[in-house]
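Student: Residue-level listing of the chains:
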Amino acid sequence: MTQTHQQHRSPLLNRRETYVAVTGAAYTAKAGDQVVGVNRAGVVTVTLPTAEVRPGRIYTVKDEPGAASTNNITVATEGSETIDGSATKVMPTDCEARSFYSDGSNWFIMPVTPNESPGLSNVVEDTTPQLGGNLDIQTNILVGNGGSTGIKISVAGEVTMAAQPAVAAYLPSSDLNKTGNGATYTLGDPTDLTEIYDQNGDLVNTTGVFTAPITGRYHVEACLKLDQGSSNIAHTLNIFSSNRTWSFRDYRAGGATNGLSAQLSTDIDMDAADTFTITLVITGEGSNIVDALGGSSPLSFLSARLVA
Amino acid sequence: MILFPNGIRVTKTEHKALLHLVVDPGDYIREALTEKARLRREALFTEWWARLSADPEVTTVPADSDALVTFIMARADFRTRVQQEEETAASEGLTFTMVNGNTDQYASKSRPAKGSVVLCSGGIDLPDADAACILAYVQNLEDWLYGALLGQINRGTKKMLKQYRPVMLADPEITTTPATEEGMVDLITSHKDYQSLPAQIASASEL
Numbered sequence: 001m002t003q004t005h006q007q008h009r010s011p012l013l014n015r016r017e018t019y020v021a022v023t024g025a026a027y028t029a030k031a032g033d034q035v036v037g038v039n040r041a042g043v044v045t046v047t048l049p050t051a052e053v054r055p056g057r058i059y060t061v062k063d064e065p066g067a068a069s070t071n072n073i074t075v076a077t078e079g080s081e082t083i084d085g086s087a088t089k090v091m092p093t094d095c096e097a098r099s100f101y102s103d104g105s106n107w108f109i110m111p112v113t114p115n116e117s118p119g120l121s122n123v124v125e126d127t128t129p130q131l132g133g134n135l136d137i138q139t140n141i142l143v144g145n146g147g148s149t150g151i152k153i154s155v156a157g158e159v160t161m162a163a164q165p166a167v168a169a170y171l172p173s174s175d176l177n178k179t180g181n182g183a184t185y186t187l188g189d190p191t192d193l194t195e196i197y198d199q200n201g202d203l204v205n206t207t208g209v210f211t212a213p214i215t216g217r218y219h220v221e222a223c224l225k226l227d228q229g230s231s232n233i234a235h236t237l238n239i240f241s242s243n244r245t246w247s248f249r250d251y252r253a254g255g256a257t258n259g260l261s262a263q264l265s266t267d268i269d270m271d272a273a274d275t276f277t278i279t280l281v282i283t284g285e286g287s288n289i290v291d292a293l294g295g296s297s298p299l300s301f302l303s304a305r306l307v308a
Numbered sequence: 309m310i311l312f313p314n315g316i317r318v319t320k321t322e323h324k325a326l327l328h329l330v331v332d333p334g335d336y337i338r339e340a341l342t343e344k345a346r347l348r349r350e351a352l353f354t355e356w357w358a359r360l361s362a363d364p365e366v367t368t369v370p371a372d373s374d375a376l377v378t379f380i381m382a383r384a385d386f387r388t389r390v391q392q393e394e395e396t397a398a399s400e401g402l403t404f405t406m407v408n409g410n411t412d413q414y415a416s417k418s419r420p421a422k423g424s425v426v427l428c429s430g431g432i433d434l435p436d437a438d439a440a441c442i443l444a445y446v447q448n449l450e451d452w453l454y455g456a457l458l459g460q461i462n463r464g465t466k467k468m469l470k471q472y473r474p475v476m477l478a479d480p481e482i483t484t485t486p487a488t489e490e491g492m493v494d495l496i497t498s499h500k501d502y503q504s505l506p507a508q509i510a511s512a513s514e515l
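Sequences listed follow chains A and B, in order. Numbered according to our numbering, the first sequence spans residues 1 to 308. Numbered according to our numbering, the second sequence spans residues 309 to 515.
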């Protein structure tokens with residue numbers, strides 16, 4: 001097992017803290033430890049010692065590499081003490097941090113407050129303390145767990161938002177004979193869509209229904225590649241949203257529709273819990289003979305994301 | 309107006325997915341509908357203030373919110389969403405068809421009384437003016453509610469699986485996992501390390 005101890009006086013908190021880096025599979029916290037930084041490519045068990053069970057004693061355990069979803073951190077007790085009533089507490093979320101305090105008999109979990117975050121020691125004070133000045137934070141900024149579950153601003157300034165509604169999905173095989181004589185075809189029905197990503201779980205891939213988690217402006221794009229039409233056809237591609245239907249209507253005189261693509265993109269207004277689907281109506285054929293082409297790469301697809 | 313007077317039935321698995329994200333699924337539905345009505349009323353007023361201001365025949369407008377809704381909807385140039393789309397379809401020689409995809413999707417799944425939960429068992433009371441504001445934009449109120457509910461069930465399921473599938477895989481006591489999403493939800497919610505949102509809040513409040 002490898003661990004290193006450092007005495008560190010926080011410039012913000014002006015108090016002495018003891019930090020230990022844990023790289024082994026198991027570590028029993030020591031009397032002098034306060035912050036336990038777990039940094040191991042594998043599961044880790046941190047044990048809270050019975051000898052430290054006294055009112056107000058606090059340990060903080062942190063997943064430093066942001067890998068706890070793969071390599072869970074288990075916090076256990078040395079004796080018969082419990083943690084919030086359980087024998088152990090599993091930390092399964094990337095970048096998760098938990099503080100554990102004792103009441104003298106058992107351990108309890110409490111949230112880690114921002115002022116206790118070691119990362120804030122890298123805040124650089126504004127040299128021009130006036131309205132409109134800058135707050136220059138020279139470290140990664142994580143909000144809502146950052147990494148895989150929240151907002152992360154890297155030191156270089158790149159912003160990723162892991163839970164921001166953003167969806168891309170495509171038709172993996174063709175839907176045959178779905179429209180042509182006025183029938184409405186919905187992308188995702190009957191053939192399930194293959195999701196490339198669905199960051200916030202907003203798309204039902206088995207129906208092609210996107211549900212907005214919050215009120216906002218959403219950018220939506222759709223493309224349907226068509227096949228088998230043979231005469232003068234009019235096609236209407238719709239974003240059928242709860243508040244309104246956004247339509248692109250086009251007419252092709254003569255010739256086959258083989259390879260014709262219908263495309264539509266726009267920003268739409270969605271209230272929380274609103275839905276949208278992509279629908280296509282073709283008229284002009286004697287029957288519903290037009291196919292929506294699918295395949296192992298995106299031919300017919302949709303994407304959507306929250307933009308404002 | 310009372311919507312769903314007998315409530316909305318969901319399976320226990322669907323209920324677990326909802327409880328992953330919300331404390332009370334019934335309250336979630338009611339609050340979503342209330343917020344929808346508020347936003348559509350706001351949108352209706354925003355849209356129509358400009359038109360009323362530009363109309364020389366309009367000299368006064370009601371100050372009361374509900375009266376203003378009635379005033380707008382009594383105008384000859386007002387159309388509900390359904391009326392707008394009926395006119396558009398007719399102008400293009402098409403037949404207007406109401407879209408009830410969410411209702412159809414809800415109905416496609418069996419939810420027997422045994423093994424299911426009824427949400428909003430007394431129905432959902434929506435003031436008529438609020439319903440009118442929503443129907444200015446939405447084709448079908450009940451279909452909208454089904455969409456909201458099914459979307460939240462889907463989101464809760466996906467988020468639960470994303471968060472807890474690695475925990476299940478790392479548990480040496482679990483040798484196989486179900487192949488279906490429903491099976492995974494049942495496995496996860498019965499695991500010792502899982503807490504629904506209400507359970508998490510109850511734990512936190514004890515501190």
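If you are wondering where the hints come from, they were derived from the structure by calculation, not from laboratory data. Note that the structure is predicted; figures quoted are calculated from it, not measured. Possibly wrong hints are sitting among the right ones.
What the hints assert, rightly or not - Here are some chain A residues the structure puts well away from chain B; computed CB gaps all over 12 Å:
id, residue
1, Val43
2, Ala87
3, Ile109
4, Val209
Stated by the list, open to error - The calculated SDA-like cross-link candidates involving lysine to any residue, where the alpha carbons are at most 25 Å apart (straight line), are:
id, chain 1, residue 1, chain 2, residue 2
5, B, Lys417, B, Thr483
6, B, Lys417, B, Gly401
7, B, Lys467, A, Asp189
8, B, Lys470, A, Tyr170
Note that CB positions come from ideal geometry on N, CA and C, so glycine has one too.
Student: If you test the structure against every hint from before, which numbers come out violated?
Tutor: Hints 1, 2, 3, 4, 5, 6 not satisfied by this model.
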